[in-house]
Amino acid sequence: MSQLSFEFLALTFVAYLIATFLFTAYLRNLSWSFAKLARWFLAFGLLLHLGELFTLLHASGHYFPTNSQTSLLTVTALISAICFFLSFRKSRLILIVILLPMISAALVALYFISDASAATALPSPWLWTHILSILLGEALFCLAAASSIIYLVVESRLKHRQVSKFFARVPALPDIDKFLNELLSVGFALLSLGMLLGFFFAREYWSPGWILDPKVLFCLLTWLVFAFILIFRIVSKSFRGRRSSQATVLGFVLIVFLTWGVDFFFHSQHQNFRIENKNP
Amino acid sequence: MNLWSLVLDFKKAPLELRAKAIRKEKNFAKQIANGADELVFLSTCNRVEFYAFSDATASQSLDRWKEICGLSDEEMKSFQILENEKVLDHLFRVAASMESMVVGETQIVGQVKKAYEEAAEEKTIGPIFHRCFQRAFKVAKRVRSQTEVGRLAISLPSIGVKLAEKVLGNLSEKTIGVIGLGEMGRLSAEYFGSVQPEKILLYNRTQAVAEKLAADLKIENVNAAAVTEISEILDTADVIVLAVDTLILKKKESELLESRRSPIFVLDLSVPPSVEKFSFQNVFFYSIDDLQKIAQENTQLREQEVKKAEAIIHSEVTQCYGSLHHASVSKTLEHLSQKAEQLTKAELSQLKARLKHLSAEDWAEIEKSALRLSHKVLQDPIAELRSQLDSSEESENIITFFRNLFRL
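Heads up: the protein sequence lines correspond to chains Z and Y, in order. Heads up, our numbering is the position in the first sequence plus 1, with the first residue counted as 1. Heads up, our numbering is the position in the second sequence plus 498, with the first residue counted as 1.
Chain Z on its own, in the form it takes in the complex (with noise of 0.2 Å):
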């Protein structure tokens, strides 16, 4: 079982440090040169993170994150390679700048993670669809949280007035709103996707009364409120915007417990896909 590596780390979160720090150079003064640096940065970043993930799994002998450790390094991985396809989008730069500051303290965390235990050979492709669709949906879950945060700033501040020249490249509140959205919308769809075939796996591994694993309760409870939410913007108008802001970070939060911290108050049958009854 190979370690995570604290110089990949470190360099990885060097790195996305200094594209932080750049696009928000760019974000003040509009130098497009800065942000162009900061993309280089921010490859830099996204290839090491990627190696020391391909590292890790490769030497636990499974292409598949099957533990918090390499579950998390996936994510932030993913959003990272979002955050970089989102570079070239001027006005989407802002949102970067809340999400790389995300991705450096989630690898901060990461190398205090103690559970690498080693991944149990899964046992069909579509446990496999399984994770990652979960793993996707977290990444654009955790995108649409940090569009919340801005629609929330910028409504705030237009509201109070509070208009510097920072608000020249942030986007109108309409357009944030209609990308959270979208987020949320294709968030939802492979969150669902995600549980319904973990549901499945469950019913045939795991042992009898596995719905009531806090894992699946939570997991639940989680797609409830994003689904109240999808549907609360469709049926009221007043939803859509701040309150649908509101309620995306309160969803975020539920997704980041289920991920990590139901795992750490609960025993969950999930932990390290204990399989049980009958043999892959």
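Mixed in with the good hints there might be a few duds.
[Claimed, not checked] Straight-line Cα separation of at most 30 Å, DSS-like style, residue types lysine-lysine; simulated pairs:
#1 Lys805/Y / Lys91/Z
#2 Lys179/Z / Lys611/Y
#3 Lys524/Y / Lys584/Y
It should be emphasised that the hints constitute simulated quantities derived from the structure, not laboratory data.
Please arrange chain Y on chain Z, whose structure you already have, making use of the hints.
Quick look at chain Y alone, frame taken from chain Z:
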């Protein structure tokens, strides 16, 4: 051939004059630039412009414009005539929204494209303008992606428009209400009109003023209407601009706004303020002092961005004008060949009438020989012209001389 442009825009001409200088007839452009080889007519909320590549001079067309629209000598002072490189510079600036009321607004590219497509449909466009307009769209894209000039408004009404867009998004589906049509109110109506909102409602104590402004804005394709009650604006407008000298929005009226669920942008341009202080969740309120603060901040940053945009435009103008020049030479040579062919054919038809005894085969040989001869005669002058154009800096004069020499 001359490349020229006639320009009447909001910088020099008030709305009334711009409205007076437009005719809705389909052949209006052709009437003005009669006989132009290539012609594009651009009419938007803030400008009326002709771009022509023509034998006739710009002043001849300007005289026709004056005559058709019944304009006075005083009014004609607002028109600009641009020639050669300046035409390209202006076209590129217009397409890049550098000449717009609200700098950076995106409708203008669509409007220029529409004018270009209409000209293509009417077949009044040729290789010169195809090249110019295609390049203009490319420049607009470059300026938009490589500079921030469009985001930094400095005039107060345009900052108002930008702020409203920040709160409400694209204004093309929104209703704008302007209360009070003094100088600031009229200006605001024009600025908001330039981004083509769904509707502009105008209110003024003297109803005739609102009706006149609505009619002028309609000529510029803005959906404007005069209203008789302020409540019509308070009930329906997404953006409310106040430019009056009395307190209009007291607490009671403001509560009307609160009852509406969608966000509303209120811009108070009155001095002293015409709104009682209020704070509602869905109402974004800005006063003239707020706009002035933003203008101060944007001014500095804007200068550096304008320089970047102008450098892009300058380099594109130089390149495009160079290639245009080559196109113009090719066109001159084409005209020369056509003329030689026409003259030869005319001469041959006269000869054919006199030499009726010749057989069809003999006659075909004579025709071929005559056309070959005319081409050979032109070969040397054309080769000499090309070498002179490559080596001389006075290429424009040489082409003019060549055209005069052959009366092209």
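Going through the hints against the structure:
Among the hinted pairs, Lys805/Y with Lys91/Z is consistent with the structure: their alpha-carbon atoms are about 20 Å apart, no more than 30 Å. Of the supplied pair hints, the one linking Lys179/Z and Lys611/Y holds, its CA atoms being roughly 28 Å apart against a limit of 30 Å. Taken as a hint, the Lys524/Y and Lys584/Y pair is honoured in the structure, with Cα atoms around 28 Å apart against an allowance of 30 Å.
Going down the numbered hints, you'll see the structure goes against none, and every one checks out.
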